[in-house]
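If you're matching them up, the sequences are chains S and A in order.
For the first sequence, the working numbering gives the first residue as 1, with consecutive numbering after it.
For the second sequence, the working numbering gives the first residue as 1, with consecutive numbering after it.
Incorrect hints may have been included.
What the hints assert, rightly or not - Restraint-style ranges between C-beta atoms, simulated for each label pair:
#1 S/A211 to A/P169: 41 to 49 angstroms
#2 S/S201 to A/A100: 38 to 46 angstroms
#3 S/R30 to A/A100: 27 to 35 angstroms
Stated by the list, open to error - Derived contacts from chain S toward chain A, CB cut-off under 8 angstroms, selection only:
#4 M117
#5 S118
#6 A128
#7 G131
#8 G162
Everything labelled a hint here was simulated from the structure, so no lab data went into it.
Just so you know, even glycine gets a beta-carbon here, dropped at the ideal spot from N, CA and C.
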Amino acid sequence: MAQAGPALAELQQTAQQLRREIVKTVAHARGGHLGGPLSAADILTALYFRVLNIRPEEPGWPDRDRFILSKGHSSIALYGVLALRGYFPVEELLSFDSMGSRLQGHPDMHALPGLDMSSGSLGLGFSAGVGIALGAKLAQKAFTTFVMVGDGECNEGIVWEGAHVAQRYGLDNLVVIVDKNDLQQFGWRAGPPGQRRPPYSGDELRLRWEAFGWAVSEVDGHDIAAVIPALEAARTLEGRPAVVIAHTVKGKGVSFMEGDYRWHTRAPTSQELGAALAELSGPAGQNGAGQNGAS
Amino acid sequence: MALPTGKALRTVFGETVAELANDDPRILVLDGDVGSSTGAEIFEAAHPQRFLQMGIAEQNMLGVAAGLATVGFVPIVSSFACFVVARALDSVRVLIAQPALNVKIMGGYTGLLTGMTGKTHQIFNDIAIMRTLANMTVLAPADEVEARQAIAAMISLDGPVYIQMTREPSPVLFDAGYRFEVGASVRVREGADVTLVSTGVQTARVYEAAEILGGRGIEATVLHVPTIKPIDEEGIVQAARASGFVVVVEDQTILGGLGGAVSEVLSEHYPVFVKRLGVRDVYGESGPNDLLLDKYRLSAATVAQDVESLLALRA
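Full structure from sequences and hints, please.
The following block contains the structure:
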């Protein structure tokens, strides 16, 4: 359920801290993705600090809820939230993308404890999530499998192959979160530089998931107070799989990154890093970081 | 000198997995809507709750298998080789081979003899592709005796395995005393004039070719390589020593399959002349089995003829 004031404020601070770690790490690594990790930061915070039934001190606990970041290129956001949640020291984030690091460019389930599946080739993590949820049903396990996909990722045919199978098996222990930040790497041509048409406009994405028999809800993916109850409702729903379409802003929290596809993958200069960290020093929603109008 | 005809490997697959599942609750079979062709229907009849229809969607089927493996099941994915290898390769590579998950991939209808389906369903490079995936074990049993043991060994092994299964009834090469071992090759005939190396059901045709050659005074060693990966380097080198002249014969393309694997081993450890026989750099076609085997030079008679010509050229 949604948390009371102080707890919510704490979560918002954690999400801002996560954003700072994301930006610092990508700047340090001189490469990596920023737009997608920043759009996912609030949802990941809600998951790892409220929703998921996990034991950071026992990452392989068999009855833990599973989480798969199918949009694996946003790995730094997942690494960041795992570090903040205590899976490994925050300082290790600086090893991201370096030789021998446990923090590979895309998640490697055997490299780092806490990763429930390798991912990176888009759509595949979701497919594996369908398998885990099906396995949980067959093994009569009570845990829930959460999978985050991108809206651009929903271009992949395997997403709809998996959506079909999950519905056929009534996998109500599977919750998919679409980080609908309305941009993909290069995107569909439109408008001036920095602008691109979204992967799916208006109701297109909702209608697609509904057509596949899924229970669909929508939420402002940056409103943690709304994200938590949306995820809890999705996990308790019975009879069919659930998808939460989270409306987000790519590059959320850094004004000059927001809504610009060119920040999909780009390392900030030292000047840009300073400006970004200044914007991210306060609580979310301040310092000019625009509120997302969708609900 | 023809060998007695036994069961089709696809039938052996269904029977063996159904039997093993009686004592192994981890076993599941995933079907890409070809269970009536692959032998998976035999498993479904025995264990309906553990037969998972995944529909006509192979990329997702392999991904689901990976997920199932992480919660302790031994998923056996069953479809035609062309689909589980070629169509679903990215799922196999990223979700199964890279994390070395305990998924077993049954590639049915390999090689030329696919029941008149022609080039779309004939795949000649499943061995070439699968053996280049790190962590993947690649098996190609010869007959029903070996297939039963290979399937059991595949399930005992912890890690990803690709196994070839074929459509047509196969000659029986091995007797009941035969013992299959992952990674071991086996000599099924001895001779000093030439070393014939083969795999899968083609080995039986090569054995029959060797018998034909024997009748013409040419004695061949026949080495059967049921595990293409990890390959039996020592066994291949020893077999090459037996004659100093190696001919690899396979129901696959000559590019990168068993011929490639044998050439790699011998070029590094025992450089010797190697000739590769198999499908050339072409796609297949529809047609009756005997005519296909003759055209693509994989019948016992054509293999004998080609080996004899090679020996004559060499002399």
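Results for each hint:
1. S/A211 to A/P169: 41 to 49 angstroms: holds, 45 angstroms
2. S/S201 to A/A100: 38 to 46 angstroms: holds, 41 angstroms
3. S/R30 to A/A100: 27 to 35 angstroms: holds, 31 angstroms
4. M117: holds, 7 angstroms
5. S118: holds, 5 angstroms
6. A128: Hint on S/A128: holds, closest Cβ of chain A at ~4 angstroms, below 8 angstroms.
7. G131: holds, 2 angstroms
8. G162: With Cβ-Cβ at 5 angstroms, under 8 angstroms, it holds.
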